[in-house]
Amino acid sequence: MDDGLHLLRAARRTVTGPAALLGDPVLRERTAGYLADLTRPYGLRIPDGLFDAPPGTLGQSYGEMAAELIPVVVPPDEPVDLLVLTFAVHDMLPGRATAAYLSHVCPGGPMSFALCDQGSAAAFTGLRIARGYGCRRALLVTVEQAVLPYDAVVPVPARHRAVAMLYGTGTGTGTGTGDGARVTALRQHAGVRADDVAALAAAEVRELTTGRGDAAVVLGADLAAAWPGPGGDAVTTGPQRQPSTGVWWALLDRLAADAARPRPVVAADYEPGLGYLSVVALEPVSRSEPVGERGAHERAQPLVRLRGADGDPDPGAG
Amino acid sequence: MTAIDAVSVFLPQRRVPVESLAAPLGLSDMQVRLFRRFHGLTEVRRDPALSLTDLLLRAAAGLTALPALRRRVRFVVYGRAFPVVTPYPVNPLHEVCRTLGLGHALAFTLTQQSCASALAAIDVAGRLLAAEPDTPDGPPLALVLTGEKAFTRDAQFIPETSVFSEGSSACLLSAGGGRDRLLAYACHQRGEFDVAGGESPARFQRVYRPALAEVIGRALDRAGTTLSELRLVLPHNVNLMTWKRLCRLIGLPLERVLLDNVTGTGHVFCADAFVNYRTARERGLLRPGDRYLVAAVGAGDGATFAAMVFEH
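Keeping their order, the protein sequence lines are chains A and D. Numbered by UniProt numbering, the letters in the first sequence go through residues 1 to 318 in order. Numbered by UniProt numbering, the letters in the second sequence go through residues 1 to 312 in order.
Just chain D, same shape as in the assembly (with noise of 0.2 angstroms):
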């Protein structure tokens, strides 16, 4: 069963209030005060003179583990909002790798859902190392990386929702490990609200939260597990109000959904999981045995929806 050994992140120091990004994105004060007020989001972290090399090796830094165990690790799955970060063939995963002396690891990007492709690089990890032999130094490991630019209008903000932090986290994936095992995940997607499939975005915001919904409730039933069974919901970080209706649609108590994230940080695209799993863990949070969710959507041009269940 795929289990997370190890998690870091890594959020530039740097901190930019709501208003700042009003003039360079031509937002109104309308919108601005809609981000502060409505939906909770007041700063986010931006750090100009990092490179996506440089946030991608800063998380992975934090791993204190990892050097001792760079043999074991056989896969290096980056997990991206967005598809194209580089002018090709500009390749900062492989830098990384090299750096990290994880050259001998078979290393990838897995995009294309947007923000919700980090769960999907879990699952796809988790996959790869139950097919994998041992290593000659013990039992495989992948080490799944997020992190991100706001390099581009689309990656800083999301008009009437949501704001973006740059932002990083690596995990050390094991299939056996015994830390916070995976027990279930689910997924949807809703390709007709890409450019090509016709949809509008008026009816994308009326099933947003039942598509949501529905996809943490597979989850649910394929963990074996109930929504008052569960400690905690790690939610992603889109804004407040998202959260508090969704909370209301699906009778969960919205103190049990830690949002603690979203008014300092904002949207950091696919490492929110992470983001705030390293707040439940910090605040104490989790205990041994309890049951928590992980929620994330993908809202760029389609619509991914995805929900996993872990035991800490």
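Here chain A stands alone, though its shape is the one from the complex (with noise of 0.2 angstroms):
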């Protein structure tokens, strides 16, 4: 029996409507408040008027992200046993406790946490987590937002995105879309200077790889740039400015992209400001099937469902 886990559903989307919480005039005034102090100390300017502005500019609620995309991947008779949120860029109500309340809404009441300050490494790390813990389903959303409200100079998101992954042991769980993708390996390393991840990070991929000459290998945009090893069409790279969802992003992409013939892939990311380097290796569940098996109506299906439109206005830029 297989008792790792699998990726076995997914959904994303690209957020350009107002944060419905954010219109609230009691929520805007206790964020204002949140927010100024936390600024202060560090000689940072929240920017005049901001608060005035309509919902739709202010920025982002995390907890409407994500609990727009869990009944789109976890059906209600589909009990998730850990959920874990995994962020950044903080979102326009940083106090909030948005995991607790995401247990709420999501099928099975689970165990919910957030995890941060470990930049693009979050998302690895809470699938990490999600093996540990030995149950059978486990929702991992990652989420960013394309705003700061202060006038922090960093680089920001591109776009507000969120994706969300079910992941479930690879028999008995009900989700009659078959066994998905099984995670086969998740690595990361701490403490990586960047005049040494291309040649870390290539050789994980070659290890990861070797004898499977049909892998794909999927980079994030901050890994891409330094990426050594071969291009092509084997590589797929995660797009530009989404430093929390861009790996994941392009991951989904590749697992559709394969459908017809499912393929061994290995996703890596690098976080350039704390130096993590995740990788994590799925391995498509029915692979060994010889060709032929799978009926045509069964091909047109991927392993790993992608579900629910991206609603991104402009898809073609990644």
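What the hints contain is simulated information worked out from the structure, not anything from laboratory work. Glycine included, each C-beta is placed from N, C-alpha and C at the ideal position. Among the clues, some could well be false.
What the hints assert, rightly or not - So, partial list: chain A residues that the calculated Cβ filter (under 10 angstroms) puts toward chain D: (1) Leu-27; (2) Val-105; (3) His-189.
Both chains are sitting in their own frames, so use the hints and assemble them into the complex.
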């Protein structure tokens, strides 16, 4: 019996509309006070009139972004045991225990928490923790918004985006969608200098794809910039300036593109600010099936179902 | 089995009477009297001169074994009540790791369970350790940190309920140590009390103690022990009245709850468990083989009730 975690379903979204909660004047005032106290010791300034602006320009609520994806990937009869929310850039309700709320709206009322202060490595850490829980199903949601409500001179994500991935044990999950892609390896390296990441990433990918000539490689944009390995069709690069969601967004693209002929995938990303290299390997469960045993209608279906519209006004831009 | 190998706590020396909080927080005399007389909260620790990084480093400095063991530390997990405490990308956790020579460890913050986040951090760190191979220097270790500044109104007090102290803790965890072994953990979240959940604060007050009692019972069941077998309960320092009432509800003698720190320290966010553990050790209240329970409630937006049972 295979007791490892499998990526069963996924959904993603680019958010363009306003956060409903930020239309509440009480919450806006509370957020304004919180952010003023947050930034004051660091000499940062919140733009005048920011909280007089329409909600659509103010920023996002990660609770709303994640809550919209949960019903897309988690049917009511498939209770989740663990929910991990990960982010780097905070949202516009920074004092809120969003993960606790998400537990309330997720089937199964799972144990939930958020991981942060780890940049793009946090989602990989969330998956690593999920593997350690030995749970039937774990929901990993990574989110990022494209604004900071103060004048910090740092790059922010290009768009408000969220990716939700439902992982579960390969058998007995009752999904009726096949067993997805099994997580076969998950490695993280800390303290990796920019000068060293290319060689280390290449070595990891080489080791995880040895003997698998058909394996695909998915790289976050920050790692792709340093990538020394072969390119071409085998390598998919995540969108620029989406440091938290980018590699997962591209992974889902890769899995969808390979729906007819699933193949192993290694996805990796580098967090340049904090020095983390994270690598995950996935193996389609039905890969050993001889070609032709899957019917034509089955080959048209991805092993990992990407559900829901992207809601991306400009999908071609990644 | 996850075990706590060492614990260190830091509390600022500077004591602030609850009366001094009245003007800056706009509290009435009645509210102040409620804290002091009804809830037994008389003063808190605050030091504006200490940054969050300072707090975390001072707690870590109390782990005298850490410098010699640092190469075995594979994980640094920061359990924090408030999800965002610095502007992005300011990162006190990684500043602390660099200062302590822990740049080789995987470091992250676990949050959004409010003041129950520390117990989840211990649980997660233990699970990561269990899957981690030995280091060249010996079995892997995790450093679990807590620590917060009372930097904003919500981090200074909970209306009619509690007042917060600044402080921090650091503890070393192993997967096979024998000193304080984690027997069981239970956690129950009530996200309906979030701002988007629709439930009223009044209902939260009604479910608070029954929910905490339920999660304590579940932790005891999982540990295969009973309330009567516990040597001690290390509470969250929310106030005295909550624990008096909870003890009546579950039939626990109040003298088995270590409430020494409520009056003079108040609620130290996620660090209460470790503050109280230190006091229990200093007072010689734990003997080898004793079982004790740690309770925590995260009551920000949304609520998390959690309990752990340890064997000393």
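Quick rundown of the hints versus the structure:
Proximity of Leu-27 (chain A) to chain D holds as hinted, the smallest CB-CB distance being about 6 angstroms (cut-off 10 angstroms). Here the hint on Val-105 (chain A) is kept, as its CB sits about 7 angstroms from the closest CB of chain D, short of 10 angstroms. For the restraint placing His-189 (chain A) at the interface with chain D, the shortest Cβ-Cβ distance is roughly 9 angstroms, inside the 10 angstroms limit, so the hint holds.
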